[in-house]
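Engineer: One letter stands for each residue in the lines below.
Protein chains: 2
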Amino acid sequence: MRGIIPQKIKGFRDIDPQLNNLRHHVIAKASKVYKNYGFEHWDTPALEYADCLGKYMPDDDSVDQGVYSFRNPEIEPIHDEKGNRMVDEEGNFLMENHFLSLRYDLTAPLSRLYAEKLWTPAVRNNPNNFRPSLFRRYQYGPVYRFETKLDPGRFREFWQLDFDTVGTSDISADAETAMVLSDALEAIGLKRDTYRVKINNRKVLKGFLVGLGLTDESLEQSVLRIVDKADKIGQDGMMLELGRGRKDISGAIIPGLGLEQSVISSIVDFLHGFSSAARKNILASLSNSKFMNPVFEEGLKELAGIDELLAQLGYEEDRVIFEPSLVRGMAYYTGPVFEVESLQSFIDEKGLERRVGSICGGGRYDGLVSRLLGLSVPAVGASIGVDRLCELLVQTKSLELDYSGPVIVLVFDTAMMTEYQKIAQELRASDIAVEVYYGMQKNLKKQMAYADQSRCSVAVLVGEDELKKGVVTLRNLKLGAELAATIADKNEWKEKVQIEVPRGEMVQKVKEMLSL
Amino acid sequence: MRGIIPQKIKGFRDIDPQLNNLRHHVIAKASKVYKNYGFEHWDTPALEYADCLGKYMPDDDSVDQGVYSFRNPEIEPIHDEKGNRMVDEEGNFLMENHFLSLRYDLTAPLSRLYAEKLWTPAVRNNPNNFRPSLFRRYQYGPVYRFETKLDPGRFREFWQLDFDTVGTSDISADAETAMVLSDALEAIGLKRDTYRVKINNRKVLKGFLVGLGLTDESLEQSVLRIVDKADKIGQDGMMLELGRGRKDISGAIIPGLGLEQSVISSIVDFLHGFSSAARKNILASLSNSKFMNPVFEEGLKELAGIDELLAQLGYEEDRVIFEPSLVRGMAYYTGPVFEVESLQSFIDEKGLERRVGSICGGGRYDGLVSRLLGLSVPAVGASIGVDRLCELLVQTKSLELDYSGPVIVLVFDTAMMTEYQKIAQELRASDIAVEVYYGMQKNLKKQMAYADQSRCSVAVLVGEDELKKGVVTLRNLKLGAELAATIADKNEWKEKVQIEVPRGEMVQKVKEMLSL
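Chain order of the listed sequences is E and V. Oh and the first sequence: position 312 is 321 in my numbering, straight run, nothing missing. Oh and the second sequence: position 423 is 432 in my numbering, straight run, nothing missing.
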């Protein structure tokens with residue numbers, strides 16, 4: 010007989026109260042910064058028509074399989090490009106169970122949202138009259154990727170926290186993207202100089218490749234995908250994949266692009282040939298490049314504009330740098346791209362020094378809305394990888410949030426349940442979190458074990474004697490745990506952490522124990 | 010050529026900033042109450058193995074089709090009931106792409122979470138040594154149902170906010186469920202006496218049906234499903250479906266259960282034959298029932314215990330009532346069931362008086378975890394229908410949250426962008442939300458239209474002259490909108506809502522306009 014195993018799907022996970030507390034600290038602090046820059050909180054469904062989201066996943070050999078997709082159980086009409094229902098040769102409407110996808114990011118749904126608002130017959134039929142309206146939103150929530158390889162710290166469901174400005178090509182919005190990321194991370198609790206916001210421009214990369222003679226669009230995308238994974242496969246791996254190909258660890262053959270050695274050398278020189286990290290110096294080096302051409306020049310001018318504004322507003326190289334080798338995986342980026350790298354390392358469970366790598370990413374995607382609307386709509390934005398950032402904060406112990414469980418009222422006699430409930434009600438009236446112990450194992454040891462496991466702060470103990478005397482016994486569990494390490498004598502320990510107080514003073518004493 | 014229509018899936022929706030603000034007000038206020046009762050915040054994935062969630066959907070003729078399910082793209086082993094991998098006749102491991110489902114509620118995933126923690130070989134092999142541990146959590150997030158009929162206010166993605174106590178059969182936890190619901194709704198902003206927490210007990214219903222001679226389990230479920238939808242189909246419809254069947258509006262034939270008329274009359278009498286709404290009176294009537302039997306009696310005793318505790322703690326009939334006709338749709342309930350009904354009505358867009366109906370539901374489900382664990386684990390909990398409650402608050406205007414957009418810095422000259430950015434930075438340093446206008450349409454009218462649409466509170470206007478004079482012009486947009494109704498003269502209006510202040514006083518003046 011087939012059985013049911015109670016388990017999560019591989020790559021998915023449950024979030025416990027401490028991690029949830031941290032996750033929502035990150036979301037609250039960053040959202041406040043987003044709001045302060047004028048972004049407003051929108052939400053979109055987790056499930057969308059697959060064709061609305063498109064396919065822009067970063068390279069991991071799973072461009073087509075990286076998304077959870079399935080057929081809509083509902084059958085619906087098929088439309089042509091003008092939005093009219095399609096018919097077959099006999100004039101019957103064509104119908105289909107469309108493909109649905111769990112969103113793989115929050116940018117593609119934003120593009121759908123924006124396009125849907127504007128996708129009116131008036132706009133469709135008079136594209137020349139159209140000027141895109143401005144739209145600024147932030148959004149957070151889970152996104153889904155069917156990752157075939159689940160490295161440590163990688164999940165198939167993870168949270169992102171995005172902000173985007175749609176409807177402008179103003180480079181100030183790009184500079185602002187770097188500022189928002191920096192401000193948000195510091196509001197969350199990252200120290201200055203423990204992270205870098207890195208900026209590059211796809212136009213510079215594209216211009217450079219054109220200058221090298223690589224003008225084919227699909228070849229360009231292939232080169233960028235390989236450059237993007239240089240972090241993973243190393244510079245040698247990158248050079249091999251640009252050239253004759255290589256074998257990976259499993260022995261599988263990864264074919265190369267077959268570029269000439271001189272071209273590969275030029276690429277390596279360009280990506281890593283900068284002698285100084287100062288933004289001004291990188292701009293100067295780039296402007297002297299022998300590969301200069303109009304696209305390259307446009308990208309360079311944008312970077313210069315971004316640098317100018319950042320400098321004027323005090324965002325120096327201890328926060329924002331230029332990184333000429335930065336690509337960012339998503340295929341929809343068209344201009345400036347952003348990434349935040351944490352500079353902190355930590356020792357993992359296996360005793361190895363590790364970094365979490367990129368904690369934010371973003372860029373300009375001037376083609377993403379256009380694809381749905383047939384009209385040009387420039388846009389720029391970025392995303393905090395909430396779960397990756399939480400892992401960083403946990404592993405580096407950068408942020409210790411105080412997270413206590415409730416006060417617990419122990420149950421010695423179920424006949425006294427009403428009394429226990431009244432005690433809880435009294436404490437709650439003073440906004441103190443309290444639970445009454447409902448467990449089926451009533452001995453004191455089991456109740457205390459449950460209190461420990463729930464990180465309860467204070468235990469309220471009332472037996473028949475206490476009830477008659479009109480008192481309650483309070484045990485400070487937090488202090489108790491601390492003192493347990495230094496005080497061996499049980500009675501001495503009890504004296505310090507446990508007091509008997511008149512019922513009328515209970516609320517005040519509990520508040521003192523909780524330091525409220 | 011096939012086109013892409015930018016649109017959401019039918020039954021899904023985007024949430025705008027105002028509604029999002031309301032939704033998160035509801036979540037924050039209720040979560041605080043849940044926490045104060047000692048529930049802790051856990052999260053589980055939106056996607057689960059279909060067999061872990063099981064099939065417990067309420068009746069809407071779509072018990073099998075009500076869930077979004079699809080095959081896992083990953084192939085995985087099949088296990089037997091003991092958790093061992095299954096093999097075919099030749100000894101090869103059996104593999105399969107398991108069915109995955111988007112969660113249809115938060116209770117089934119909670120059961121999986123609890124069972125997964127305990128599903129160890131030690132527990133599986135020694136069920137006699139097992140005493141369930143106590144587990145109390147709250148959780149919120151979207152759930153998914155493939156509703157075939159989309160009535161107004163019904164969605165395929167909607168948010169729930171659950172709290173549950175797993176591992177106890179203590180009836181105090183059931184009484185507490187009603188208390189938490191009442192406290193949470195009042196914390197959100199519902200006025201006393203505008204809602205009722207309704208309680209019934211499935212054991213009383215089951216006992217009554219047994220007393221009537223309806224002992225077949227599947228017949229019992231069928232009767233309860235029909236009784237549950239009496240609200241929708243009316244009492245006549247219910248009686249017909251219990252008897253010879255009926256035709257629905259579309260003319261489709263709905264077969265009946267074929268019960269005898271006397272049995273149907275007894276059911277109707279039992280459900281609606283109570284002369285008083287007082288809990289004590291209902292208990293008295295029930296205890297005199299001629300259908301009394303052990304199951305009935307057990308249910309009655311539980312209701313009496315719940316009443317006792319509620320009365321002692323001051324939860325009277327203006328908050329919590331007994332409702333002998335209450336069933337609740339989910340098939341997993343085994344004991345007390347809960348529902349909250351809003352008593353408020355409102356006039357909808359079509360001019361019709363409407364109610365939102367049930368805004369919370371819950372109950373005891375002692376079999377749900379057992380199904381996954383093979384061990385008895387009693388549990389009770391309830392859920393606030395967040396989106397239904399938000400609709401109620403919006404439609405009845407019970408709660409007017411102040412939700413303003415940011416201050417906006419208008420852009421008259423892009424050459425002055427650095428200056429505009431510095432103004433924004435200065436205001437943000439005082440924790441004021443500000444955006445700089447990045448739209449591509451720069452004329453004043455378009456900028457003001459955008460500010461209106463974004464509900465901006467204050468506009469900062471700086472041209473070349475102001476910059477030279479060291480001043481800024483501030484326009485109070487909120488006051489402006491209010492005065493526009495009463496002041497016709499443009500100059501008089503401007504005088505009231507617009508001031509020029511020295512740059513050094515800008516922050517203070519903006520704060521005054523925002524009443525900070």
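A hint or two may mislead.
Some but not every residue of chain V turned toward chain E, in silico, with C-beta under 7 Å [to be verified]:
#1 D23
#2 P26
#3 A59
#4 A124
#5 E125
#6 S181
#7 L322
#8 Y324
#9 G448
#10 N452
A few chain V positions that, by computed beta-carbon distances, are all more than 10 Å from chain E [to be verified]:
#11 N81
#12 S142
#13 P151
#14 K238
#15 K299
#16 L382
#17 M449
Calculated from the structure, these hints are not laboratory results. Being a predicted model, the structure only gives us computed values, none of them experimental. Idealized CB from N, CA, C, for every residue including glycine.
Engineer: Say whether it holds or is violated: M449/V keeps its Cβ farther than 10 Å from all Cβ of chain E.
Structural biologist: 6 Å, violated
Engineer: Given A59/V as an interface hint, is the shortest Cβ-Cβ distance to chain E below 7 Å?
Structural biologist: 10 Å, violated
Engineer: Given E125/V as an interface hint, is the shortest Cβ-Cβ distance to chain E below 7 Å?
Structural biologist: 4 Å, holds
Engineer: Should the interface hint for G448/V be scored as holding, given a Cβ-Cβ cut-off of 7 Å against chain E?
Structural biologist: Interface hint status for G448/V: holds (4 Å vs cutoff 7 Å).
Engineer: Going by Cβ atoms only, is D23/V closer than 7 Å to chain E?
Structural biologist: Nearest chain E Cβ about 5 Å off; hint holds.
Engineer: Decide, holds or violated, for the assertion that all CB atoms of chain E are farther than 10 Å from the CB of P151/V.
Structural biologist: 6 Å, violated
Engineer: Is the Cβ of N81/V more than 10 Å away from each Cβ in chain E?
Structural biologist: Since the minimum Cβ distance to chain E is about 7 Å, N81/V lies within 10 Å and the statement is violated.
Engineer: Find the nearest Cβ of chain E to the Cβ of S142/V and say whether that gap is larger than 10 Å.
Structural biologist: 7 Å, violated
Engineer: If you take the shortest Cβ to Cβ gap from L322/V to chain E, is it below 7 Å?
Structural biologist: 6 Å, holds
Engineer: Classify the hint on P26/V as holds or violated, based on whether any CB of chain E lies nearer than 7 Å to its CB.
Structural biologist: Hint holds; P26/V Cβ to chain E Cβ min 4 Å, cut 7 Å.
Engineer: Was the hint right that A124/V lines chain E, CB cutoff 7 Å?
Structural biologist: 4 Å, holds
Engineer: Evaluate the condition: distance from the CB of K299/V to the nearest CB of chain E exceeds 10 Å.
Structural biologist: 32 Å, holds
Figure legend: structure checked against the earlier numbered hints; hints not met, in rising order: 3, 8, 10, 11, 12, 13, 16, 17.
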